[in-house]
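**Student:** Residue numbers (my numbering), protein chains in the order written: chain A, 105 to 294; chain B, 31 to 141.
Every clue listed holds true.
DMTMM-like, lysine to aspartate or glutamate: derived pairs with alpha carbons at most 20 Å apart:
| no. | chain 1 | residue 1 | chain 2 | residue 2 |
| --- | --- | --- | --- | --- |
| 1 | B | 35 | A | 287 |
| 2 | A | 230 | B | 49 |
| 3 | A | 226 | B | 55 |
| 4 | B | 66 | A | 145 |
| 5 | B | 66 | A | 146 |
| 6 | B | 57 | A | 127 |
| 7 | B | 39 | A | 224 |
Honestly, the hints are just simulated from the structure, not real lab data.
Now for the letters of each chain:
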Amino acid sequence: MNDWSLIEKLKQGDEAAFRTIVDTWQNMVYNTALGMVHSEEDAEDITQEVFVQVYQSVSSFKGDSKFSTWLYRITVTKALDHERRKKRKKRFAFVRSLFGDGSEVVVNPPDFNHPGVLLDRKEDAKTLFKMINQLPENQRIAFTLHKVEGLSYQEISEIMQTTVSAVESLMHRAKNNLRKNLETYFQQEQ
Amino acid sequence: MKPGKNIEKRIGQTLNSLDGIRRAEPKPWLYTRIMKRLDKEEDRSIWGAISSFLARPAVAIVGLCLILVLNGFLLFNEQQDSDNLAIEQVVDSESLMASSSSFEYENLVQP
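So here's chain A without its partners, still in its complex pose (with noise of 0.2 Å):
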């Protein structure tokens, strides 16, 4: 069964077409959910609200990009505002710790361990995560999208909504960027 004919099955309530469509598409939804955050917790919990969402708004989907994009398109998103949600809920938790109310300080998870990242390579990759999470937003989303997920320059401005052109020059930017962190965090290590 192709992509439309799910699509056209689940706009009228078919619940084993969306079962087909979670099971196609759950890894990618994951795993670029948990590029994102960083937590598989998290990751988890954004990926049953991108379904949600595909489930209750597959009817506004047109048709005028792929469904693999409208996907990536909703994920990034709620990956966005998971951390946004996440770093204002971190902020209320440090002023309510002023006025000494009890509730403590959210402190940052631990270096992340992305679990498909080869064994020799773990301790290199947990370092560069953690300097990915220091780029931009745009620059987060276009790289991260190109290391973790593998999309070529050209899928990334399809989810992105803009060119190539801006796409090639995010990623130029996102590694001269991640270059100097590496080079300052490593100095500081020696």
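Based on these hints, arrange chain B on the given structure of chain A.
**Tutor:** Structure of chain B alone, referenced to chain A:
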């Protein structure tokens, strides 16, 4: 200043550390958890729709008017009931007096 050879090597290694990465997979039974969440969201959206409908100014004003009209109607009814009761009591007492007087009249010993 250019970084040392060692640092340059480490930077290269780190930047390439995601090469050959495999996709991470979620825990099993994701579909079941999504359906559970959907049910919860639908429940929430039904209650949300009801409360937002009730919160509309027009609906709220009409509701308030209905309550006032109902209150007025009940008050009016109560007033009428109490008036009717008073009339009934007067009628009852008068008929009692009448019957007792007729009884006395009937029981009059004729000389």
